[in-house]
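Here is what each chain is made of, one letter per residue.
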Amino acid sequence: MKGCPLSCWWCHNPEGISPEQEIVTEIRKIGETEFTTQELAGKYYSARDILEILEKERIFIEHSHGGVTFSGGEPLMQTDFLLEALAACKSKGYHTAVDTSGYSSELNFRSVMPYTDLFLYDIKHPDESRHFEYTGVSNTLIISNLRMLLREGKNIFIRIPVIPGKNDDPESLEGMKKMFSELKCDNLKQISLLPFHRTGKAKYRKLHLHYRMEETAQPSVVRMKELKEFFEGTGIKVRIGA
Amino acid sequence: MILSERVKKLRTQSLTAEERITAERALLVTRFYKSGEAREVSAPVRRALAFQYILKNKKICINDGELIVGERGPAPKATPTYPEISLHSLQDLEILNSRPKVSFKVDDEVKAAYRDEIIPFWTGKSNRDRIMSLMTPEWITAYNAGIFTEFQEQRAPGHTVLGYKMFRTGFNQLKEEIKESLSKLDFFNDRDAFEKSEELKAMDIACDAIIMYARRHADELERIAVSEKDENRKAELEEMARICRKVPGEAPETVHEMLQHYWFIHLGVITELNPWDSFNPGRLDQHLYPVYKKEKEEGTLTDEKLSDLLGCFWVKFNNHPSPPKMGVTASESSTYTDFCLINLGGVKPDGTDAVNEMSYILLDVIKEMRILQPSSMVQISKKNPDRFIHKALDIIRTGFGQPSCFNTDAIIQELLRQGKNIVDARNGGASGCVETGAFGTESYWLTGYFNLVKILELTLNNGFDRRTGVQTGLKTGFATDYKTFDDLTLAFAKQVKYFADIKIRGNNVISKTFENYLPVPFLSLLLEDCILNGKDYNCGGTRYNTTYIQGVGLGSITDILTSIRYNVYDNKRFTWDELNKALDSDFEGYDDMRYDLIYNTPKYGNDDDYADQQAVTVFEIFYDAINGRPASRGGVHRINMLPTTSHVYFGSVTGATADGRKAFTPLSEGISPSQGVDSHGPTSVIKSASKIDHLRTGGTLLNQKFSPQFFEDEDSYKCLTALIRSYFSLDGHHIQFNVVNAETLRDAQKHPELYRDLIVRVAGYSDYFNDLGEDLQNEIIQRTEHENI
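Chains A and B, in that order, are what the protein sequence lines are. In terms of the numbering used here, the first sequence is residues 1 to 242. In terms of the numbering used here, the second sequence is residues 1 to 789.
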């Protein structure tokens, strides 16, 4: 879902930041010949449209014991629609998940809570000022919403984007580990470590935006395994990848 | 499983042995046909005596260290020819000797034998000559235009798999059955009683011949054993000699006996003639498991011995390249593989889960041996465990294209629809590429690929073929004459019917040439109920008979028709004149139109009904033209949808098409979407592909490409398993995962429009390769180079 209150340096879906439709420049090739077209990023969907799309995938969703995940952007920037879409999905028996930055009002979270089976909840940095620097917002609201959801017994997967040089220094890591150790409870099901990658880079070009992560390399497999072991110290299940 | 030094050595020898032509068989069969013995006997007896003559006089080959013996030629990969089927000219032999790919060494001795003896005797007398002289002018025109190919032009009918019975029966028992069948012949009321007695006589000679051939191996093994210094090897040779005196005359009782028993049968089939798809042990895990279990319980078989036996058995298949082609076919790329397809898993005759310990052992063998032949597949029923699929994925991820995945439950329904009983259906599977068959009871012939796209091209040109300059099809009108899209599909249906008639008429004549001139008494022994019926395999003697014509280019033709419907009729983006001009010029100067045809036109493979309904229309037209039409040896014609590599040949005779495809480039293969047009993920592909009714075919082929990194994390096996199970619950017949290599990825960088479907694993998530920046693409290419084995 398009529109996000954060603007993380490493964002790999930059077209999801602005809540407006945007023109993107697509370059497609046939052999060596390049074709440049202007296309709109962002389409309008009704809750019924979403159900139709899901119906097409139903056979696979059933066999894989999967469901639907609302992601973005920040889905809670469109809470009214999200609520309608989640309720529609629940009425058809789909498992529902919301992939969120956590940066939305407590009221919004409380309204979608009853129709959400699982929150995929991003924690990007434990330190408020550094969080502000890299994402444009403070992490206070994010952490308080997380506490609230856990208190209310909602199932949570924590997702940490592992960004070399930004949040993988010992202090940041220890900070996050400490936070999760305190929060640990039965409904905090998993921590997912999402290795930084530069797939978004090409999209910045299409949107004529500046890419700030040019010099950052993807963390190695060995490094990701180290971090997995590190966070396993919280006693929570950890996995690499989404 | 770890390969022993013995198996490693034999495997290396097989991989490095040079493919060569041997004139041994051709000379023997020529000498036999020249002899008085061949002249005054019936066709089946003549063929049985020829078979006996070859097996009596050919060189016996025992390779160092091997545990399973028998080679079709005098040495591994020495490949015989079959002049009675098709005669190589000296020029053909030279092409085989010198072509860069899939070549066969032809030495001076072979050339001399051909020049002095084989060519003078067989010129004008091979079955290929016979076939070509019997075909109608319409058939020849269509064949030259590339409308269809002809399977029986260079090889004998085959596509048959050994069933349960022959793994439990010796040829002495068959001789008893022959005796009984002979005694029951009714010379008062059965007009065919005499023909049946001749056929049964021929079968009896073939039984004696194969037993004699096994004993010649026993003699040779004993001779070598005498001078063998190594005590262990000496004991092995003596044991092998014992086995060759027992099987295939008597039924096998151990794993070793069973593998040797099968191998003699295999050699018999591929020596008698050169049937398509060599021969095939079929459900090998099912056949081996009972004897394996018994030996395990008795403690007579160690894991090491089992591994050695299976390794030696695998090498035997790889030692036998597909017989070399000739003429036009020889100068194209072909393959050494002879399409033996080992089936694992599926269900038992009572319908329960058939996956057993031997299924997993054989998957290990496939993984460790990693050789071209035999090919392998897993049958997956809803009753089979996920663990079995995961084990198969473990091998698939290594990227050598095996095993492929088949839907047992669909295969059974396909067979039941064709009238097989439930037990015969459950004992079936797939052979060759994807062809459905009732193993041990059915003779199912593939007769030729059918170029649906070329037929559409002719439909747009009033039946005139611009490549050959010959009026080839019906005069149904030009593109501009079709006022509506329905007019066009109706005309297309008429053309398909016209060419199907030509092909079926040809099939019914060609089938009779094999019945009358080239019966196969040995192969007939192996398939039920030839002995009971006193009829040959080539004469409708088996319990079930099916004749297939294989449709090619479903993805391409769907996209072409969809493009015409979308751009010309429904949205009027271009007129027929504009489109024709672009096609005539192969899109030179029409880049923008081509861009729209490729990127802005609905395509098959994206679960888009607008496009997919053309796939269903074409399928139904093809089905109606062929399904149920009588075949002259009994049974009826049916369809399947597979191309092997004919989509390349068929593309090479077909001009530019309205889906943006350039002239003479390959068509889509199987029922897969055209190269790279499916941009909505694998679940959309399986949804599109399942809109045609697989259960009314005898097999369909669907390929999906993935990068090796896709298999990296824990969930990928679960996802792929769910994808397979989803497709199969929609009655999909077959799916194969091709794990791409770095070379493919580099090609994707150069031709992005052909690889819009290519999904790669990036970093904990997957994306379309085309959507990645070039530096990231390069990074993935580098990673793939490291990971591909």
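Just so you know, these hints were derived from the structure itself, not from any lab. Beta carbons: idealized from backbone N, C-alpha and C, even for Gly. Mixed in with the good hints, there may be bad ones.
Per label pair, the in silico range of CB-to-CB distance [stated by the list, open to error]: (1) S105/A / R370/B: 41 to 47 Å; (2) L40/A / V636/B: 18 to 24 Å; (3) H208/A / T398/B: 42 to 48 Å; (4) Y44/A / F464/B: 45 to 51 Å; (5) E231/B / R239/A: 55 to 61 Å; (6) F230/A / K383/B: 42 to 48 Å; (7) Y44/A / L15/B: 58 to 64 Å.
Some chain B residues well away from chain A (every beta-carbon gap over 10 Å; in silico) [unchecked claim]: (8) Y164; (9) Y292; (10) L301; (11) D715; (12) S729.
Violations among the numbered hints: Hints 1, 2, 11, 12 are the ones this structure does not satisfy, whereas the remaining hints hold.
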